[in-house]
Amino acid sequence: MASRENFSFQTETDQNNNTVYTYSYQIVLYALPGSGAGTVILLDASENQLEAPFLIPESCPPSNPDPCGPYTREVVKKSFAPLTPVQAVKYRTISANGQSKVVPLNATIELY
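Take 860 as the starting number for the sequence shown in my numbering and just add one per residue.
Warning: the hint list may mix true and false statements.
To be verified - Restraint-style ranges between C-beta atoms, simulated for each label pair:
id, residue 1, residue 2, range
1, Asn956, Ser922, 17 to 23 Å
2, Lys949, Pro929, 16 to 22 Å
3, Pro920, Thr967, 26 to 32 Å
4, Thr872, Glu906, 35 to 41 Å
5, Asn923, Asn877, 48 to 54 Å
6, Met860, Ser922, 14 to 20 Å
It should be emphasised that the hints constitute simulated quantities derived from the structure, not laboratory data. A virtual CB, placed ideally from N, CA and C, is assigned to each residue, including glycine.
From just these sequences and the hints, can you work out the full model?
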């Protein structure tokens, strides 16, 4: 499970009178019960990587009634031009033993 939370967008003017656009948000992941340790990579529709990989340091026991986590990353991006959002629609899991699988997200996540 993955989501984008606490999104904020600001514009400000720097000392050189340039407009600076600041995007900040958290990417939050939860490991589903029965999931192993490994890496999660958010992907667009063409399976291009959108963010740095997330490390899931331990497996989530199958007996857990709820997902494990959260595993959270703070993202702050600044630009002199407005950024175009990209859509994360799937993710790739890479287990500790190197097995890889691509899985669709339950809901699209808009990232910058």
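Hint-by-hint comparison with the structure:
| no. | hint | in the structure |
| --- | --- | --- |
| 1 | Asn956 / Ser922: 17 to 23 Å | holds (22 Å) |
| 2 | Lys949 / Pro929: 16 to 22 Å | holds (20 Å) |
| 3 | Pro920 / Thr967: 26 to 32 Å | holds (29 Å) |
| 4 | Thr872 / Glu906: 35 to 41 Å | holds (39 Å) |
| 5 | Asn923 / Asn877: 48 to 54 Å | holds (49 Å) |
| 6 | Met860 / Ser922: 14 to 20 Å | holds (18 Å) |
Checked against the numbered hints listed earlier, the structure breaks none of them; every hint is satisfied.
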